[in-house]
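Peer 1: Chains as they are written, first to last, in my numbering: chain A, 73 to 1035; chain B, 52 to 296.
Check before you lean on any hint, since a few could be wrong.
Said to hold, decoys possible - Pairs of lysine to any residue residues, derived as SDA-like cross-links and limited to a Cα-Cα distance of at most 25 angstroms, are as follows: (1) A/319 - B/91; (2) A/910 - B/54; (3) A/503 - A/250; (4) B/214 - A/237; (5) A/361 - A/956; (6) A/256 - A/286; (7) A/361 - A/375; (8) A/319 - B/54; (9) A/319 - B/273; (10) A/271 - A/250; (11) A/910 - B/92; (12) A/444 - A/650; (13) B/214 - A/319; (14) A/910 - B/91; (15) A/984 - A/899; (16) A/910 - B/225; (17) A/578 - A/645; (18) A/280 - A/150; (19) A/319 - B/137; (20) A/256 - A/246.
Unchecked claim - Pulled a few chain A residues facing chain B out of the computed Cβ check, cut under 10 angstroms: (21) 139; (22) 221; (23) 224; (24) 971.
As the list claims (entries may be wrong) - Chain B regions said to be covered by chain A (calculated; three or more residues, Cβ under 8 angstroms): (25) 56-64; (26) 96-110; (27) 134-141; (28) 168-178; (29) 254-265.
Note that these hints are calculated values from the structure, not bench results.
Predicted model, so just to flag it, every value in this text is computed and none were measured.
Just so you know, even glycine gets a beta-carbon here, dropped at the ideal spot from N, CA and C.
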Amino acid sequence: MNITLVINGDSRLLDCAPHESLMTVLRGEGFFSVRFGSETGETGAAAVLVDGRLVSSDIMLAAQADGHTVETVEGLAPRMSMHPIQEAFVATGAIQSGYSTPAMVLAAKELIETNPDPSEDEIRDALSGILDRETGYLRPVIAVQRAAAALRGETVDEVTTEIVAPLTYDMDGARDGSSAASPKVVPNPEVPEMNVVGKPELKVDALKLVKGNPAFVDDIEMRQMLFAKVLYSPHAHARIVAIDDSKARALRGVKAVLHHQNVARVRYASGGQSYPNPLPYDQVSFDDKVRFVGDRVAAVAAETIEIATEALGLIDVEYEVLPAVFDENEAIAEGAPIIHDEDGMDGAHDPSRNIVHQITADVGDVDAAIAKAHRTFEQTFRVHQVQPAPIEPHIAIAYFDSDERMVIRTSTQVPFHVRRMVAPLLDLPLKQIRVIKPRIGGGFGAKQEMLIEDIVGHLAMATGRPVRLELTREEEFVSSRTRHPQTITFRTGVDIAGHLVGQDMKVVANTGAYGTHGLTVQLVSGLRGLSSYQALSKRYRCDVAYTNLPVPGAYRGYGAPQALFALESHMEDIAHELGIDSLEFRRMNWTTEGDPIDVAAHLSEGEADTSFVPVVTSSGIVECVAQGERSIGWHRRLDPDWRQPPDRPHIRRGLGFAMCMHGTAIPGLDMGAASIKINDDGSFNLLVGATDLGTGADTILAQIAAEVLGIPISDILVYAADTDMTPFDTGAYASSTTYISGMAVKRAAEEAARQIRARAAVMLDESTGAIELRDRQAWSTDGRSVTLGEIALSTLHQAQQHQIMGVASYVSPESPPPYAAQFAEIEVDIETGQVTVKALVMAVDCGVAINPVTAAGQVEGGMVQALGYGHCEEMAYDPDGRMVNAQFGPYWIYRSDEMPRIDTFLVQTMEKSGPFGAKAIAEIPKDGVAPAIRNAIADATGARLDAIPFTPQRVWHSLQSSS
Amino acid sequence: MAMIRAYHRPTTLQEALDLLARPGTVPLGGGTVLNGLPDDPPEEVVDLQALELDAISLDGAMLTLGAMATLRDLVDHDATPVLLRDLARREAPNTIRNAATIGGTVAAAGSESGFLAGLLASSAVVAITQADGTKEVALSDLLADRLNAASIITSVRVGLGGKAAFEFTARTPADIPIVLVAGTRSEEGTVVLVATGVAPEPVVFDLDQVDALEPPPDFRGSADYRRHLATVLGGRVVARLEAAS
């Protein structure tokens, strides 16, 4: 049918099908800022203005818009310029992955045009339809406030940092932030003043993101492209007795149907990890057995998504349904159904008992220590399954280039691992594959996986044509990756003074149908569970169980949120039992500078190496606790009128605390590399294998290079993650990019700087060779200078020509721990069990924050994800293992208009091993929110929960049993 | 695969009714439900946007909401009672509120729709046009009997005046409530309580008959817990309706 749309002022006559959504038609017309997030409109990633009102174009038929005006961000500003709203989003750090930023900009536009001076509530309402998994909404709200002020003609202040006076040591120079977007930094006297590092520089990728320019996997047009769909198992555990694909193949437009009968059986493990991937290799592309509802059965490539979907329904599969088991404890009990009964399970601990891994670690003799303890405490906790839920689901496009090599353009955190892992499955030499990671709409670990690249690869090989596969939201929930559920038991002995003498941690972990990250996540659980506090002896025992649940894998935090929920709940309750103040009890026992991280040597990948015991090299935890205590108003715990407001008799208020300690990269394993070369004008190309998922990695890597070279970051052109073009990097995981890739960039830049200085010394006739790089120039000791542009022209064209270029890689022997203090304020409705989270405060020691705005954004967004983990998100199943809430509505992630107060402090320490003093920050915000809320509920009501999430019914039951 | 194969945008009610007489054809409001993931997509849709059904008009103590008025229109209108304004705002985030229509929300009969509960508590009357003419039915009757496919909701009428309140329990402040209770108290003192989450659709209930409810349980709440919430929240609503009167 023909429709007429006025898009960004241009009237267009378009042909569309009656069922096509406005999103589909707009994307077809090249408006790639309109993005897919779900089929049901809740993500708002596809929101556009229709007749000036923000609507989800994914649930509007294009035909409905016939005769109406449509606005997208493509219409807001001409090339190389920005609308004031876009400028505000960039300046405030409101953009992380940028996937939904265009929709937020339009939301702001609609609001400000009708309401030039909106309140915060009105702004939060205007953003309420756009789900954000990244920023915690804080900076987008500030961005809209700033944009409104700018459009009212007011001057807006520069975003700087707000210097907060330390509370536990002396340092002058406190300074209020000039803008609401200014992050709070607690300075440290050991940190030197720098020019680019430590400054809130604008994101290097901001322009393309805020303008909605085509930058993501799906934002390209391939001629002859086919669309893939996957047939997923409806059964939790079944053998495939027969598959008849003849009707599907006969359907017009179907180009390939693949399943276990026509795809080679190559065993692999899908977790995106370094070579050799941990055993067992318990997956194949298509198997004759299915092990969870959502497991792969077959894949189709067809001319359209509709045809591919129809073809799935034409594949006749005969299943022999087998008994299934979902609980990790039941799975390892006698008589449970065996999930992996096939051959080739080398490296699995005991598949006949569904135990894929058994992990043990001992420091000292914990039983003897606990036997002698003054008091002993034992508690068991259960943590549940959640999904990372990036707004951009998994998507990959495979095609053959002009050399007939396979190119896989994919939304991945691990492009180099994907290339290495997919090659044997496709039976292609590695050199015949190129993996490109364009911009990614969030990953959070779900994309640390070779998840769908083999499917598009197989289908491209079968058809010779480009093939695209994008997961639906339901498929993202059930067939992608999730957080490991665990049953965790802590047993702790304390001496008469309240010091820990022994700590014993036992975990039964649920890795679902496949192992993937099952070993390493549970190694981290043990490491994190037994590193925060000093005990003379420690023990970790873990069974990792196969079950028939959708597959857990990597999810930001990687085993730590589970362990720290249990540990920090346990520590709180011990303090309560001992009658010691909960902060004081932590202080008495936490690890600090110089303390050994003794359990780490026993919980590394591969052979235990106890010859090297890492020690804590920097810790700002004391200051973190002090800042958090003040911000949350910890003293209110003692105010009865605050705890029980007289005018609201069913409300109880409470405050809770959790201490967090994380790691920075995997020592001895994670490697990042970088190359940097000068251009004729003194600008530089920085090529890195590191993958920016929206974290700001490209920006902070550019800042590190710019600091070394004495130039602004606008002179650094970052290109990242293309296996043909950039040096190797293990990828974006394990809180490693700033520390590992950052150090590689620093070293590469230092090599380029050395070459620059050498030429400058010649050009300036500086006999000492002492050349300073600053302000885009090289300076002699007597104050003469040449520009980097002149040096570039000299070296590239004029004399003793060579390319000024540095290449370096880095692997760290250490993993310096960031520390954090997490506080929560909550209200409990004691008649219903409803918990309302009023405030979350996190003070983080991440060493030196290379970019305080992006670092604060990591903390704000991470805390909000962690809030979902503790408070509301859960994957719920029916008795047959079918997820019953695989949509954003019933699953529920926090919206802009229901957020608690969020406050973040970046407490500086000088970590000598890190680039310019940096440690990690990406994952630690995930660790403390659930236990802090749990401890606040205990403070408010006395109910001591042993499981998450704190949904009304669970809390109500706990209140019933504790009263 | 099942999908919409024809789209119509009639300009008269008669034309719309003629189109709706065809099998597999349904009326389309804002499309926020129908274009999502419907269990059984229709073959043809009849978009009602050109029928001029989007007015909200105040007539004495009655407010008439055109079926094609959006939830956003209702939120923005000066005469909208506070209960309906708050519940329309709670019903959906702005991207969906800006498109979802009053008529569509009634026709979808969402089991957890707080807005429908508010309409029910406001004793809403729904005007329905069919081939044999227009009739008015109480919303409660319509929800019990469900709508005939070949009919068009043209407007919803609610009375003004009296007092109103609602209470809910949800996982988070903006979440779809596990149970929501909306209540009104007329100037004569008649109290009407309506709950979501305790029956397959929002229902009128009495506080002393909560035990008779048979709530469909889900992972957020068992039947017992939902009955408990109906009692607690209903009691709070009544207390608010009776306070400061």
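Peer 1: Each hint needs a verdict: does it hold in this structure or not?
Peer 2: The hints, checked one at a time:
For the given pair, residue 319 of chain A sits about 23 angstroms from residue 91 of chain B by alpha-carbon distance, which is consistent with the 25 angstroms threshold. Restraint check for residue 910 of chain A and residue 54 of chain B: the C-alpha separation of about 45 angstroms exceeds 25 angstroms, so the hint is violated. Taken as a hint, the residue 503 of chain A and residue 250 of chain A pair is broken in the structure, with Cα atoms around 52 angstroms apart against an allowance of 25 angstroms. About 52 angstroms separates the Cα atoms of residue 214 of chain B and residue 237 of chain A, which puts this hinted pair outside 25 angstroms; it is violated.
The hinted pair formed by residue 361 of chain A and residue 956 of chain A meets the criterion: a straight-line CA distance of about 23 angstroms does not exceed 25 angstroms. Between the alpha carbons of residue 256 of chain A and residue 286 of chain A the distance comes to roughly 34 angstroms, so the proposed pair goes past 25 angstroms and is violated. With a C-alpha separation of about 29 angstroms, the suggested pair residue 361 of chain A and residue 375 of chain A falls outside the 25 angstroms cut-off, and the hint is violated. About 20 angstroms separates the Cα atoms of residue 319 of chain A and residue 54 of chain B, which keeps this hinted pair within 25 angstroms; it holds.
With a C-alpha separation of about 44 angstroms, the suggested pairing of residue 319 of chain A with residue 273 of chain B is violated against the 25 angstroms cut-off. Note on residue 271 of chain A and residue 250 of chain A: the hinted pairing holds, with a Cα-Cα distance of about 14 angstroms set against a maximum of 25 angstroms. Our distance criterion of 25 angstroms between C-alpha atoms is broken by residue 910 of chain A and residue 92 of chain B, whose separation comes to about 42 angstroms. Proximity of residue 444 of chain A to residue 650 of chain A is assessed by CA-CA distance (about 17 angstroms); at most 25 angstroms being required, the pair is judged to hold.
For the given pair, residue 214 of chain B sits about 62 angstroms from residue 319 of chain A by alpha-carbon distance, which is inconsistent with the 25 angstroms threshold. Restraint check for residue 910 of chain A and residue 91 of chain B: the C-alpha separation of about 41 angstroms exceeds 25 angstroms, so the hint is violated. A distance of roughly 42 angstroms separates the Cα atoms of residue 984 of chain A and residue 899 of chain A; the hinted pair therefore is violated under the 25 angstroms criterion. Distance hint between residue 910 of chain A and residue 225 of chain B is fulfilled; the C-alpha atoms sit about 14 angstroms from each other, no more than 25 angstroms.
Distance restraint check for residue 578 of chain A and residue 645 of chain A: the Cα-Cα separation of roughly 18 angstroms lies within the 25 angstroms cut-off, and the hinted pair is therefore satisfied. Using a Cα cut-off of 25 angstroms, the hinted pair residue 280 of chain A and residue 150 of chain A holds, with the two alpha carbons roughly 12 angstroms apart. About 52 angstroms separates the Cα atoms of residue 319 of chain A and residue 137 of chain B, which puts this hinted pair outside 25 angstroms; it is violated. Between residue 256 of chain A and residue 246 of chain A the alpha-carbon distance is near 10 angstroms, which keeps this suggested pair within the 25 angstroms criterion.
Hint status for residue 139 of chain A relative to chain B: holds, with the closest Cβ pair at about 9 angstroms, below 10 angstroms. Against a cut-off of 10 angstroms between C-beta atoms, the interface hint on residue 221 of chain A is violated, since the closest Cβ of chain B lies about 22 angstroms away. Violation of the interface hint for residue 224 of chain A is found here, the shortest Cβ-Cβ separation to chain B being roughly 22 angstroms, above the 10 angstroms cut-off. Restraint check, residue 971 of chain A versus chain B: the minimum CB separation of about 9 angstroms is within 10 angstroms; hint holds.
Against chain A, the stretch 56-64 of chain B contributes 4 residues with a C-beta closer than 8 angstroms to a partner C-beta. That satisfies the three-residue criterion, and the hint holds. With 3 residues having a Cβ less than 8 angstroms from any Cβ of chain A, the stretch 96-110 of chain B passes the three-residue criterion, so the hint holds. Residues of the stretch 134-141 of chain B lying with their CB closer than 8 angstroms to a CB of chain A number 1, which falls below the three-residue condition for coverage. Under the rule that three or more residues need a Cβ within less than 8 angstroms of chain A, the assignment of the stretch 168-178 of chain B is violated, with 0 such residues.
Judged by the Cβ-Cβ criterion of 8 angstroms, the stretch 254-265 of chain B is not covered by chain A as claimed, because only 0 of its residues qualify and three are needed.
Hint check: violations occur at hints 2, 3, 4, 6, 7, 9, 11, 13, 14, 15, 19, 22, 23, 27, 28 and 29; the rest are consistent with the structure.
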